[in-house]
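*Asks:* So the chains spell out like this:
2 protein chains.
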Amino acid sequence: MSFARDQIHNFAAGPSPLPQPVLEKAAQGLLNYDGTGIGVCELSHRGKEFKAIIEGAEANLRKLLEIPDNYAVLFSQGGGTTQFSSVFLNLLAYRRLQHANDADYAPPTVDYVVTGSWSSKAYQEAVRLSIPPAPGAKPFAEPRIAATTKPAKFTTLPKADEYDFSPEAAYVYYCENETINGVEFPADTQSPYAFPFDRVPEGVPIVADYSSSFLSRPIPKIERHAIIYAGAQKNLGPPGVTIVIVRKDLLVDTTEAMKLGGVPAVPIQSEFKTLADNKSLYNTPPVFSIYVSALVLEYLLNERNGIAGIAEANAAKGEALYAALDEAEANGKLRVVVKEKDARSLMNVTFVIEGEGREKEFLEGGEARGFRQLKGHRSVGGIRASLYNAVTLDSVKALAEYIKSF
Amino acid sequence: MSFARDQIHNFAAGPSPLPQPVLEKAAQGLLNYDGTGIGVCELSHRGKEFKAIIEGAEANLRKLLEIPDNYAVLFSQGGGTTQFSSVFLNLLAYRRLQHANDADYAPPTVDYVVTGSWSSKAYQEAVRLSIPPAPGAKPFAEPRIAATTKPAKFTTLPKADEYDFSPEAAYVYYCENETINGVEFPADTQSPYAFPFDRVPEGVPIVADYSSSFLSRPIPKIERHAIIYAGAQKNLGPPGVTIVIVRKDLLVDTTEAMKLGGVPAVPIQSEFKTLADNKSLYNTPPVFSIYVSALVLEYLLNERNGIAGIAEANAAKGEALYAALDEAEANGKLRVVVKEKDARSLMNVTFVIEGEGREKEFLEGGEARGFRQLKGHRSVGGIRASLYNAVTLDSVKALAEYIKSF
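Residue numbers (full-length UniProt numbering), protein chains in the order written: chain A, 1 to 406; chain B, 1 to 406.
Please keep in mind that the hints were generated in silico from the structure rather than gathered at the bench. Any given hint might turn out to be false.
Which copy? The list can't say, so a pair holds if one copy fits it or any two copies do.
Claimed, not checked - In silico lysine-lysine, BS3-like type, Cα no more than 27 Å apart, as pairs:
no. : residue 1 : residue 2
1   : 341       : 121
2   : 51        : 121
3   : 375       : 48
4   : 279       : 375
5   : 25        : 63
6   : 221       : 48
7   : 375       : 360
From a predicted model like this one, the values you see are computed outputs, not experimental measurements.
Bound-form chain A, shown alone:
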């Protein structure tokens, strides 16, 4: 069977749908970019055409998210998983250089807020990379869990008084939106479930994995962050490029830190300073992913009324779907995974269909209606509808109707 795009509602958790006008333009650019007679993947990444693409993307991203001037915007490779390592490596190098004259340099703590699978993985990577360079030697760092919702199976968020930050951590780390169970820190910083910026000791850098909520709404307290990163494949563009927003004073020469000792070796490609010094062109970048991202940014800015328009649309989508789900739950037909409204993700909505064989029935009926990729993550099962920017309110309403009628 063959389908047209408009017959399909794609609720994928990522790679996610992309706006139709963007894809049409990208298909054209693939063969002939802007009348050059050369496709966008065949242009020199150091030529004036690509320079305009990447600089335009950065300028539009800065505008959309109001990124302050004292932050660098990097286009890196390797996805969020690579950043699990890179943030650790760069921030330990920074810490070491801050203590360059300290003869008794002690491994710092690094504080993780663990609210799901992705922040767990980031924490585990910090543990791996902390392994001492020789048995009995000092570890490179002491990873700590500053708060976790593991006892609640990651279906809620910690409240402000449940955080236990160490006073002199090299950094505090959290994941803004966990895609698997669908918990997201609320945008309202007054909510009891908001990330407690004010409790983080002054001067301790805050790192946020924004992969799955990036560009879905404004970033609360962006200026309170040290590093914000996001893989492109949710709201920005095709997988292959990862945005790293990093405060410029944290861009340090990791080789200098390595010479002081007490920090792990940093692969040159993982050094943020190298990327920044070379305007993200230290080596050949993922040009197509950056090109499509540039088109998406332009589209968000000009066709979607910027970040306010996007946030409004996403709020409406979430409201429509959660209302249908809450109603169905009240009728005993299903179970919404995240109970606490302030902890619910607007990007990944998870629920479980009650009754033997009913989930399969739900998925098959959905499939026949053109709904795709509604199956929950293989680690938890159930249903997951991801409502990234390119998912329309009409698609969400169609799903809500289906839920009501099921």
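Could you slot chain B onto chain A? The hints should help.
*Replies:* Frame of chain A; chain B shown alone:
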């Protein structure tokens, strides 16, 4: 001014031109992959469609290059530059595990053959990553230069007796084709300029950076290599994916090696075993780069008569261009950078136009004829024509004619 594709001859050093039929198919796949109603960048990387794409790409690559079964084929991210670090990290971990019971584990030598800018950078990265974990402690490795053509400004290759390999190196490293000056190890393993496989001490792993000659012809003595890697953006596909071909016994758990001590920390994404265990899907891969690479591989196999057909076409292109250049050099009009025929690259042909202002004239005249990206690398200047697989013999003949007439 606006150009059609057929008005342009793109001699880019990479990202390089891609075959027209591949781009047409990719443009279609971008909007609707195989009638799914979903574009290829919007498919789940764990779904059956993408599984077929990546597995098909691997199968075709194995067929084209006759990759033995005892090698894994990995689709990684980060380009060749990331591999400068990754090969060092993985092979040091391997070495450490081979000496797991050695109480006096000594840092091994690592031997580099330095024949240009890329192998220089790889060597420098080994030097960086060898920095001891504390001042006065043992370094992680002792990088050596086993041979170099730096005194000849990288315009030739070493002869067999100019190599000085250490007997127990953790590995020997070379770059098969250096793009900046255009030197390439000859395919004829009997040539005095061939890479001297037989001089490498038995058991020492051999690593080759094949980025810029990958898929341009068969790989001589592939079974003698431990690791062969290549960024896609020359003969395979768009930048963003890097192929790593690694002998399966070298896939080791780097965390175990780190626990033994004496090796640098290995970011999880750099561990070849992790990528292999997860069939290159440990995290979201660069799906579009892999998709286009899959289309290119299919095209090379079915429309270009496989690797023999490609090698023949590239030999003919090189012959046509070098003949024109040698003739022009004999007439005193220009200077070919690489004199020794056996050391000349078939992928990157470099020359210098003699006479004040003549180079600018040459480039401008070429531009008017539709020749693009002929300017040499900014570090050396001059002219560079790159003749990757998608550059046609007709384009090369047009350039050769222009050189003769200039």
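*Asks:* How would you label the pair residue 25, residue 63 (within, between, both, or neither) given a Cα cut-off of 27 Å?
*Replies:* within (22 Å within a copy, 35 Å between copies)
*Asks:* Give the relationship of residue 375 and residue 360 under a CA distance limit of 27 Å: within one copy only, between copies only, both, or neither.
*Replies:* Result: close within a single copy only, 9 Å intra versus 60 Å inter.
*Asks:* How would you label the pair residue 221, residue 48 (within, between, both, or neither) given a Cα cut-off of 27 Å?
*Replies:* Neither, since 35 Å and 41 Å both go past 27 Å.
*Asks:* If the cutoff is 27 Å on CA atoms, where do residue 279 and residue 375 land: within, between, both or neither? Let me know, please.
*Replies:* This pair counts as between: shortest inter-copy Cα distance 22 Å, intra-copy 39 Å.
*Asks:* Since the copies are identical, ignore which copy is meant and state whether residue 51 and residue 121 lie within 27 Å (CA to CA) inside a copy, between copies, both or neither.
*Replies:* Answer is between; shortest inter-copy Cα gap is 24 Å, intra-copy 35 Å.
*Asks:* Have a look at residue 375 and residue 48 and pick one of within, between, both or neither, based on CA distance no larger than 27 Å.
*Replies:* between (44 Å within a copy, 14 Å between copies)
*Asks:* Up to 27 Å between alpha-carbons, please classify residue 341 paired with residue 121: within, between, both or neither.
*Replies:* Within one copy only: 25 Å inside, 52 Å across.
Hint check: a violation occurs at hint 6 only; the rest are consistent with the structure.
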